[in-house]
Amino acid sequence: MTGIIGIALSGVRAMQGALETVADNVANAATPGFARRVPRLATAPGGGSLSPLERDLLSGNGVLLTGIARATDLLRVDSLRRTEGEVAALAAATRWFATIEGTLTGPASLAGPLADFFGAAADLAADPSAVAVRATFLARAGALADRFNGSAAALDRIRADIDSEARVEVQRINDLAAAIRDTNALLRRATPGGSAAAVLADERDRLLSELASIAGIDVRFDARGVATVRLPDAGGPVLVDGLSANPARLEPVAAGGYRLRVGELGDDVPATVLGGTLAGLSAARQLLTATRERLDALADRLAADVNRLHRAGVDLTGAAGQDLFGTRAVRVRAALANGGEARISARLADGAAPPPLRLTYNGATAQWTLARADLSASVSGTLPLALDGVTVEGSGTPRDGDVFTLAVLQGAAGIHLRPLEPAEVAAADALIADAAADNRGSGQLTLLDAPRLDPPAVPPFRLLVLAGSLLELRDGADTLLAAGPLGATLAGDGFAVRLSGRPAEGDQFRILPNSSGGGGGTAVRIAALRALGGPQGTLEEANDRLVTGISVPLAAAQTRLESARGARDALAAALHETAGVDLNREAADMLRFQQALQANARVIQAARETFEAILAAGR
Amino acid sequence: MTLVTRGAPIILQAERMQRVEARMERLQAQIATGRRFTAPSEDPALANRAALLERLETVAAARARVIERADTRLALAETAIDGVSGALMRLRELALSGANGTLSASDRAVVAAEVRALGAQVLDLANVRDEAGRFLFAGAADAAPAYAPDAEGGPVVWRGAGAGPGAEAAGVGGAQVPRGPDVFGRDADGLFASIDALLEALSEPDDASRAEAMATALSGLEAAFDRATTARARIGAARARLEAEQEQLAAARLDIARGLAATSGLDLTEAIAALRALGLTLAASQQAFGQIFRFSLFDRLG
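Protein sequences, first through last, are from chains A and B. The numbers in our numbering rise by one with no breaks, and the one at position 264 of the first sequence is 264. When you read off a place in the second sequence, starting at 1, and then add 619, the result is the number in our numbering.
No false leads were slipped in.
Which residues of chain A face chain B? A partial, calculated answer using Cβ under 8 Å:
| no. | residue |
| --- | --- |
| 1 | Ala125 |
| 2 | Pro128 |
| 3 | Ala433 |
| 4 | Glu540 |
| 5 | Val547 |
| 6 | Thr548 |
| 7 | Gln558 |
| 8 | Asn584 |
Not the full set, but computed from the structure, chain A residues with beta-carbon under 8 Å of chain B:
| no. | residue |
| --- | --- |
| 9 | Gly106 |
| 10 | Ala111 |
| 11 | Ala115 |
| 12 | Phe118 |
| 13 | Ser129 |
| 14 | Arg510 |
| 15 | Leu512 |
| 16 | Ser516 |
| 17 | Gly519 |
| 18 | Val524 |
| 19 | Asp544 |
| 20 | Val552 |
| 21 | Leu583 |
In case anyone wonders, no lab produced these hints; they're calculated from the structure. Glycine is no exception: its CB is placed at the ideal position from the N, C-alpha and C atoms.
Build out the structure end to end from the sequences listed, making use of the hints.
Structure (C-alpha cells):
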C-alpha cells in the first residue's frame with residue numbers, strides 16, 4: 001500500500017517539476033536567447049519505495065524527473081549564427097556603401113559641375129573676350145574643384161567613421177570573448193541537465209550569436225557544453241579556448257580592408273574576417289579606398305589635361321597662360337593640446353611638393369620653428385616663415401609649446417582653382433595663322449606643337465609657296481627655318497606647320513604671336529576635352545564609372561541582404577518551432593501536467609482511503 | 620513572402636513589416652520627386668543611362684548657346700555689311716555724277732565732301748564691335764580696330780590677323796565673321812583704296828585724266844560692292860547652316876527629354892497603385908498580427 005503512495009508521490013513531484021518548467025517557459029516567453037525547457041521524465045528505477053521491506057514487487061516504480069533539457073537544435077543554431085553573421089555583414093556594407101554613394105551622387109554629384117565647367121568652356125570659346133564669360137568660366141572651374149574637395153573630405157570622414165566603428169566592434173569582440181570564457185568556467189562546474197546549466201547554455205548561445213554577428217566564428221562544444229571559438233573557421237586562430245580568451249586587434253590591410261590579429265602582442269596570428277559587421281566594414285573600407293583612388297585619378301587627370309592646354313594658350317594681355325588648377329594644397333591642423341589662440345594659415349608655392357612639416361612655438365624666445373617632420377631641415381624666427389615652398393602666416397596669441405602639423409593634400413583633396421583674374425584666362429591660341437588676302441589657291445594651314453629653337457627665331461613667320469608646290473618657312477629676319485613639299489610638317493620656333501589643300505604658286509601665309517590675346521582657340525580645345533577619350537573614356541565617363549563602381553556593389557549588396565534576411569527569417573522561424581515558447585503549447589502542457597498532478601494526488605487519497613478501510617475492517 | 624505567421628518570432632515579423640514601410644517610403648519619395656530612382660544604386664544600369672542622357676542634354680544646351688552666340692555675331696556683321704552696301708551704292712551714284720563733265724570744281728568739292736563722310740561711315744562700319752567691345756572684322760586680333768590708317772598716317776589698312784571665334788565649340792566650322800579683307804578687299808585695291816582713288820579723281824583738274832581716274836575708281840567700287848554682296852551671301856549661308864544646326868539640336872533635345880522621361884521618369888499611376896497595394900498589405904498584416912497574437916489558450920482556461 002505504501003508502494004502506491006510512493007509511486008503517486010513520485011508522480012506528484014515529477015509533475016510539480018514539469019509544471020515549474022511550464023512556468024519558466026511562460027515567464028521567459030519574451031526573453032531573447034531563451035530556449036524552451038522540456039522536462040525529461042523517466043520511469044523511476046526504484047519506484048517510490050522508502051524501504052525494500054515495504055516494497056510490493058508487483059507494483060510499478062513510479063516516475064522520475066531526470067533533468068531539464070533545452071528544446072534546441074544545435075545544427076540549426078549554428079546555421080542561424082552564420083546567417084545572422086551574413087546579414088550583419090551585408091547590413092553594415094549596405095549602410096556604408098550607401099553613405100559612400102551619397103558623397104558622389106545627388107547634390108554631391110560631380111556630373112553637374114563637370115558639365116557646367118565644359119559648358120562654360122564652350123561659352124568662352126564662343127565669346128572669348130567677354131569678361132563676364134571669363135569670370136563665369138573661372139567660377140565654374142572653382143566650383144568643380146570645390147566639389148572634388150568636398151567629396152574627398154566626405155570620403156575621409158567616412159573612412160574615419162568606419163575605422164572608429166570597427167575599433168568599437170573589436171572591443172566588443174574582446175568583451176564577448178571574456179564573457180564566453182566566464183560562462184565556460186561556470187558551465188564546467190554546473191550539473192549537466194540542471195536548470196543552472198540550461199540558463200548558462202542560453203547565455204552562452206546568446207553571447208556566441210552576438211559574437212557571430214560581429215565576425216564569422218567557428219564553434220565547438222565539449223560534453224559539458226564548454227565552447228571553443230576560432231576566427232573565422234576551424235583552421236583559424238583560437239579566440240576562446242575553454243577557460244582562456246585571446247585578445248583580438250584590428251589591422252588595416254593594403255587593399256583597404258581589415259583583418260584581425262589574435263593572441264598576445266608579439267605572439268599574435270592573423271585571422272581573416274569572413275562574416276559579421278566587421279566583414280561589412282572591411283568591404284566598405286575597400287570600396288572607399290578604391291573610390292578615393294578613382295576620384296583622385298579623375299582630379300589629377302582633369303588638372304593635367306586642362307593645365308596643359310591652358311599653359312599653351314595666351315591670356316587677354318597676350319601673356320602665356322598659367323596653370324588653371326593647382327594640384328596640391330596644405331592643410332594645417334592644430335594639436336589638441338594647444339593652449340594658445342593662434343590661427344595659422346599656410347600657402348604653397350607653385351610646383352612645390354614639401355614633406356610633412358611641423359610648426360612649434362617657443363614662448364621663452366617668442367619664436368616659431370617650422371621644421372620637416374623628420375627634422376632634416378628647419379627655420380626659426382617670427383612669422384611668416386617659409387620652408388620647402390610652404391609659407392606660414394599667423395595671427396592671434398600662441399602659447400608656449402603650441403604645435404601645428406602641416407600636411408600636403410593631393411588628388412581630389414588638393415585640386416583648387418589658382419587665383420586668376422578673368423583677364424588671365426588663356427582662352428586664345430598663342431599663335432595666329434592666316435592666309436594672305438591675295439592668295440589665289442585654297443591651301444589650309446594647320447599649326448602643330450614643336451620644341452622652341454635656340455637661339456630663338458624672330459616673329460612674325462611666313463610660309464611661302466614656291467614653284468612645284470615647294471614650301472619655305474621663313475622668320476621675320478627672312479632666315480629660312482624649314483623647307484619641304486606640300487603636306488610635309490615644317491618645324492618653326494615652338495610650333496610646326498602643315499599645309500594641305502591646293503595652294504597656288506606665290507601664295508603666302510602668316511604665323512604671328514597672338515599679342516592681343518584675341519580668339520578662343522584654347523577655349524575650343526578645353527571644351528573639346530569633354531569628348532576626348534582616355535583609358536577610362538572621357539572625364540565624364542570616368543565619373544560615371546566612379547559612380548557605377550559604387551552603385552553596382554551597393555545594389556548587389558542590397559539584393560543579397562534581402563535574400564540573406566529571407567534565409568535568416570526562415571531559419572529563425574524553423575528554430576522557433578522547436579526552441580521558441582508557444583503559449584498555446586505551454587497552456588496545453590500545463591493542463592496536462594496539472595491533471596496528472598491532480599490524478600496522482602487523487603491516487604494518494606485513494607490509497608489513504610483504502611488503507612483506512614483496511615484498518616477499519618481490522619478493528 | 621508571408622508577412623505574418625504564428626510560427627515566426629515576433630521580432631522578425633515586426634522587422635518584415637518595417638521593410639514594407641521602407642518600401643512605401645521609397646515609393647513616396649519617388650512620387651514626390653517624380654523620378655524613378657533617387658540614388659543610382661536603386662537601378663545602376665538605368666541610372667547610368669539617365670546620366671548619359673543628362674550629359675547629352677548639357678552638351679546640346681552648350682552647343683545651342685555657342686551657336687546662338689555665333690549667330691548673334693554673324694547678325695551684327697550682316698547689319699554692318701548691309702550698311703556698307705548702302706554706302707557703296709551712294710558712293711557709286713556719287714562717282715557716276717562726279718564723272719559727269721558738266722560738274723564744276725566747286726560742285727565736285729561738294730561731292731568729295733560727301734564721299735569723305737561716306738568713307739568715314741564705312742570705316743566706322745568696318746570697325747563695328749560686338750557686345751564685348753571686340754572688333755568684329757579684325758579676326759583673332761580683335762582688341763584693336765580692324766581698320767586704321769597705317770603707321771605713317773597714310774591709307775587705311777587692315778590691322779587684324781587670323782580668324783575670330785566661330786562655332787567650333789559646337790562642332791560647326793565656317794561660322795566665323797568673315798575677315799576684313801574678305802569683306803573690304805585688299806589694302807592695295809580694296810574698298811578704302813577705291814574711296815581714296817575716288818577722292819583723288821574728284822580733285823583731278825584735268826578732264827581727261829579725271830575721267831580715266833573716275834573710271835578706275837568706279838570699277839574699284841563696283842568690285843567692292845560685289846565683294847560685300849558675296850560676303851553678305853556667305854554670312855547668309857553660314858546663318859542658314861547655324862539655323863539648321865539649331866533645329867536639329869532642338870529635335871535632338873526633344874528626343875533626349877523623351878528618353879530621360881522614359882528612363883528616369885516615374886509612371887505615377889503605377890507608383891500610386893503600388894503604394895496603395897503596399898499600404899493595404901501593411902494594414903492587413905498589422906491587423907492579422909493583432910488577431911493572431913491576441914489570444915492564447917491561457918485566455919480560455921477557466
